[in-house]
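Participant: Protein sequences appear in the order of chains A and B.
Our numbering puts the first sequence at residues 5 to 182.
Our numbering puts the second sequence at residues 235 to 876.
Source of the hints: derived by calculation from the structure; they are not laboratory data.
Any given hint might turn out to be false.
Unchecked claim - Computed cross-link-like contacts, DSS-like style, restricted to lysine-lysine with a CA-CA straight-line distance of at most 27 angstroms: (1) 33/A <-> 242/B; (2) 33/A <-> 241/B; (3) 33/A <-> 124/A; (4) 586/B <-> 629/B; (5) 639/B <-> 687/B; (6) 586/B <-> 628/B.
A quick note: this is a predicted structure, and the numbers were derived from the prediction, not measured.
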Amino acid sequence: MSQNSNKPFDTANDLQSGTPEIEAHDESKYLIFRLGSEAYGTPLLGVREVLQPLKPKPIPNTAPHFKGLINIRGQILGVVDLRTRFDYAAQMEPSTAYLVFETETGPIAAIVDKVEAVVKFEESQVHKKPNIRSQVPVEFLIGASSHQGQLVTLIDLNRTLSKEDYVQIQKAKLASTG
Amino acid sequence: MRSANEKKMFDLLLDEIEDTLHDIEQRCLKLESSDQNKELQIIFRAAHNVKGASQLYGLNDFGAFVHAFEDLLTTLQKTASPVTAASVDLLLAAQSFLRNWIQGLREQDSFSPDQSVMRAALKKHIEELKAGAGSIPAAAPAATSTPAASATATSTSPTAGTPSAVATTTSTAAAETHSKPAAGFPPADIQQQLAAAVADALTSPAASSSPSGKRNRRSAANLRISSQKIDEIMQLIGELSIHQGILWHNYQQNTFNLLTCKNAVTLIQKNLKDLYDLVLTLRMQPAEGLFQRIERTARDLAREQQKKVNIQLIGAETPLDKTVIELITDPMIHLVRNAIDHGIEDDETRLKLGKPVPARLAIQTHHESGYVVISISDDGRGLDPQMILEKAVKKGLVLPGAKMKDEDIRNLIFLPGFSTRDQVTHISGRGVGMDIVQKAIEQLGGRIETSSKKGQGTTFQITLPASLEIIEGLMVRVSDQLMIVPRQDVIEIVDLNSYEVDTVGQGSRAINVRGMVVPIEDLSDYVGFDSRTSRTQVTASSHADLSPANSKSDNAHDIALMIRLSDRTRLALKVDAVVSQQQIVVRPLADHLADVPGFTGVTILGNGEPAMILSTTEIGEKYLRWIHRDSPGKTERYGETA
């Protein structure tokens with residue numbers, strides 16, 4: 005099984021190695037990204053790709069941190085600003101990226117400040133139920149670990165967003181009264 | 235542990251068995267009305283195949299059950315007397331059991347429910363059949379169908395409630411079983427056990443928790459397509475290659491002849507369009523599959539309620555878009571249940587009233603110039619406007635003393651909050667009201683209408699756009715954003731400048747169009763953004779404005795789209811501009827966006843930008859609710875004479 009690439013889904017490599025399942029289903033790999041000054045990690049399995057930021061098309065009657073829609077190779081994705089969603093400041097930096105991940109209802113692009121690395125955390129390295137204060141609500145935390153001396157809060161992005169995060173009826177005329 | 239390859243083969247096996255079970259169900263439903271020997275033979279062969287396939291994969295328990303099923307079939311074949319409804323009930327119950335078993339296997343490949351109760355029932359029935367056909371009346375009106383069967387029919391819907399909810403339904407249904415089963419059919423306590431057994435098969439391992447994900451959504455992911463269409467597609471692709479080859483050759487030889495290139499590109503365009511159209515039709519499936527689901531549900535329910543119902547299905551060959559079928563199934567099942575549960579009276583009552591027994595339930599579908607019309611009609615008791623009005627007043631949905639037309643009263647049933655738990659029986663839904671049905675239909679871009687005569691029956695008519703995929707769209711600018719309004723929803727594009735705008739009531743505006751008073755609403759009040767940029771700022775638009783000739787650029791804001799509010803009333807939606815008209819591909823909204831008010835889909839514009847597609851039905855609904863918000867029973871509406 006050749007390992008001469010850092011990319012998580014390097015199809016060419018996988019095909020050559022002949023055992024694609026083992027690589028793809030490695031549940032201990034996490035993608036580390038930043039929100040503000042905090043480092044977060046999310047299971048790599050749920051991550052589809054990382055993109056350069058695009059200009060989303062805004063949609064009326066959606067929540068403030070739902071920035072709109074983008075078109076990626078013919079597929080329409082919603083864009084959520086994770087920074088404002090979890091109360092961080094939101095600025096566009098050169099390192100700002102769109103993290104596309106799968107949720108139960110389809111893929112979503114999340115705006116994060118920086119995508120840092122793919123790191124493998126063994127079970128032993130992950131502290132479950134950490135007593136840390138995080139801006140991400142406790143229910144979504146998988147645990148915590150550390151990477152290069154910094155605390156990494158592990159969350160499962162796929163579960164952190166719910167329907168209420170998207171729709172917000174701001175116009176009185178749309179509230180369906182009986 | 236199975237390898238990935240084995241898992242794939244296993245899934246394919248389950249798909250195949252499911253398809254065969256579907257066919258078996260169809261044949262069982264036919265048993266009561268056609269050449270029984272032939273049908274029994276076909277069913278037997280199908281079951282035999284299923285048994286063989288399952289045993290090949292080591293599903294021995296499953297195979298053993300199918301074997302018992304085969305035994306019943308053989309006994310029926312050998313019995314001289316015709317197959318009774320009671321036997322069909324049992325066959326269908328067994329089929330449901332097997333179907334749920336397959337569902338369970340999708341989640342856990344070692345799933346094996348307790349088959350003892352079902353086997354006992356099968357065995358008992360076989361013995362009775364062998365003992366003497368004389369003890370089983372030919373058409374057993376008093377026989378109750380296995381309540382479990384009707385409950386399980388619902389569970390196969392991909393969007394069904396959790397199995398635990400259905401299981402509750404099943405047990406209450408069993409408790410309600412009338413205590414006069416026909417001779418030869420399992421008595422009440424066995425009924426309950428049967429119900430529990432099938433419910434057991436439903437409560438597969440991952441039941442109560444999260445949706446088991448991808449494996450269960452098979453029907454959503456796979457399509458059956460005709461190989462002829464594949465051939466046609468290959469042919470078109472071949473032609474595309476040829477034209478592309480010509481261009482490439484030109485390029486290589488540096489002999490770019492403009493005319494040749496133009497021809498080649500034009501032909502490529504044509505091929506692409508043909509290819510596109512062809513692939514779109516792949517999504518069309520005959521309504522037959524949908525009909526079968528509904529027929530089964532209706533039959534089981536009628537049997538359970540001991541009502542004799544003749545179910546007519548017309549238009550089974552009508553092709554429907556796959557997504558339409560998926561999304562319309564639940565609403566239709568709900569309507570059918572309403573018809574049988576609430577609409578159709580029981581046999582005794584009907585006879586007293588001089589109404590024919592069996593009752594009639596007709597489900598019809600046909601195409602009509604860009605639309606698909608589906609109607610469900612029964613000859614039951616019909617909708618009683620008086621009762622509906624009383625109920626609506628009691629629920630505070632309408633002011634007492636409100637005077638309303640019958641048609642409007644009937645539409646009250648679509649208001650949320652109209653049917654509540656005390657009214658809705660366990661059969662007709664778990665508190666799911668007609669408002670959910672209407673919403674589901676609106677999400678498909680359609681509408682639902684009722685017509686009914688008290689004492690004679692009710693018809694629900696659902697009108698849907700024929701294809702979800704491509705529609706003619708009007709690109710409009712609202713609050714400086716481009717969005718699409720389906721062309722077929724717009725009755726007329728109105729230049730407000732050429733009409734006298736009257737002010738009606740408190741600040742509402744209206745125009746008089748050929749005698750009809752049409753209120754004007756700003757579309758941006760529904761789907762616009764609050765921060766308006768200055769009027770002269772124009773966003774990304776290289777399209778020429780199609781605003782009517784006599785309006786000047788600074789009057790570009792006086793265009794309105796006239797849409798239909800109801801049969802006789804209209805609404806004019808004011809937009810910033812109408813930019814163009816073009817064909818657009820409709821993509822459904824992702825689940826998390828499905829509730830965004832005012833929209834029914836999204837598309838990608840020529841410049842690659844996504845654009846929302848407006849739901850004019852929804853806007854109309856919201857408008858009506860808005861103007862009636864303080865006085866829900868008010869009848870003063872534009873366009874109606876006093």
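Participant: Taking the earlier hints as the rules, which of them does this structure contradict?
Facilitator: 4, 6
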